[in-house]
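Keeping their order, the protein sequence lines are chains P and U. If you're matching positions, the first sequence starts at 1 in UniProt numbering and goes up one per residue. If you're matching positions, the second sequence starts at 1 in UniProt numbering and goes up one per residue.
Be aware that a few hints might be false.
Since the list gives no way to pick out one identical chain from another, each pair is judged satisfied if it fits inside one copy or across any two copies.
Simulated crosslink set (SDA-like; lysine to any residue; CA at most 20 Å straight-line) [what the hints assert, rightly or not]:
1. Lys38 - Asp55
2. Lys38 - Gln61
3. Lys38 - Trp23
4. Lys38 - Asp8
5. Lys38 - Gly17
6. Lys38 - Gly10
7. Lys38 - Met60
8. Lys38 - Arg128
Since the hints were made in silico from the structure, they are not lab data.
This is what each chain is made of:
There are 2 protein chains.
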Amino acid sequence: MSEGDEIDGGGGDMLLGVALLYWALHERLERLEPELSKQEHLFLVRLSAPRRMGDLARLMQALPSTVTALADGLEARGLIARRRDPEDRRVWLLDLTEAGRARREDMLAHADRAIREATGLPEADLDRFAALLTRIRHHIRADGLPKGLPF
Amino acid sequence: MSEGDEIDGGGGDMLLGVALLYWALHERLERLEPELSKQEHLFLVRLSAPRRMGDLARLMQALPSTVTALADGLEARGLIARRRDPEDRRVWLLDLTEAGRARREDMLAHADRAIREATGLPEADLDRFAALLTRIRHHIRADGLPKGLPF
DNA sequence: TTCAAATCTTTCATCCGATGAAGTAACTCT
DNA sequence: AGAGTTACTTCATCGGATGAAAGATTTGAA
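All chains, full assembly: derive it from the sequences and hints.
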């Protein structure tokens with residue numbers, strides 16, 4: 001409270017809240033996982049199973065060329081492997097290596113910790129927050145991310 | 001639901017949820033306010049009253065040089081004005097111009113709309129979400145943003 | 001079958017925002 | 001008055017993201 005931070009009690013405050021939480025989470029994760037970037041964290045989270053690069057690009061709202069660069073980096077560090085999709089030999093499937101799988105587990109544990117520490121919410125409230133976030137996530141996906149509208 | 005998106009029900013999902021909401025909000029805001037960048041939106045929200053550039057830098061977790069650049073841009077477009085603080089002539093106070101004040105009002109309205117549309121939550125749930133976010137924001141501020149620890 | 005169009009990924013040049021070091025001006029403390 | 005600190009600016013630089021163009025493969029139409 002020391003530094004006036006309440007602004008308007010409306011859209012502005014929520015915008016700041018979301019931005020601040022986003023930041024605080026990544027900030028903490030960066031401490032626990034110094035050698036992975038923000039995008040790499042999200043990338044690993046998504047690799048619960050092998051995925052096509054194109055799908056990852058869509059999910060992350062990024063261009064294919066961005067995914068290529070991310071994949072190059074993680075592959076160079078031995079965390080993921082490229083494998084041709086036998087069904088369609090144009091596409092690459094990205095899959096975690098053994099090292100990558102272990103890394104991902106650590107990362108998820110760290111993410112959990114970061115969330116608890118950053119929010120400071122007791123279990124029950126954190127659950128309520130998570131439930132709301134899940135609903136929001138489904139809405140955003142269903143509503144279609146505005147992004148692009150290539151045509 | 002179409003594209004598997006539930007990952008682990010834990011830290012990973014919340015991380016994705018926060019990141020996705022952050023994105024969706026800015027995405028929508030960018031449509032409604034095409035000529036302002038993400039940071040400029042947050043910048044304007046904070047300018048409910050005149051502020052020192054240094055305070056803004058702290059609040060936004062940015063370097064002074066970053067704030068200088070942002071201020072330059074907004075000043076060039078006539079939305080804010082620099083004014084020396086009579087109390088301490090080293091500091092600049094940033095204040096909205098008339099045009100800036102009007103712009104900010106529009107922006108806040110747009111932010112409100114973006115939040116409603118992006119989350120898709122009914123009023124009551126949105127209020128609960130906002131309340132939790134506010135608590136989180138206070139916790140993050142009180143707990144001190146880890147950032148930096150210059151020493 | 002064959003060939004044109006569409007799809008998936010990569011390459012590369014480029015851009016924009018953020019960073020950090022060094023500089024200027026003003027304040028504080030002794 | 002002078003040393004040290006604080007507030008902001010300048011500028012060179014970097015990293016991540018973009019978009020256009022090209023290569024490889026599949027799909028669809030004749």
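Comparing the hints with the structure gives:
| no. | hint | verdict |
| --- | --- | --- |
| 1 | Lys38 - Asp55 | within (19 Å within a copy, 26 Å between copies) |
| 2 | Lys38 - Gln61 | both (14 Å within a copy, 16 Å between copies) |
| 3 | Lys38 - Trp23 | both (10 Å within a copy, 13 Å between copies) |
| 4 | Lys38 - Asp8 | between (30 Å within a copy, 19 Å between copies) |
| 5 | Lys38 - Gly17 | both (19 Å within a copy, 14 Å between copies) |
| 6 | Lys38 - Gly10 | between (28 Å within a copy, 18 Å between copies) |
| 7 | Lys38 - Met60 | both (12 Å within a copy, 18 Å between copies) |
| 8 | Lys38 - Arg128 | neither (25 Å within a copy, 28 Å between copies) |
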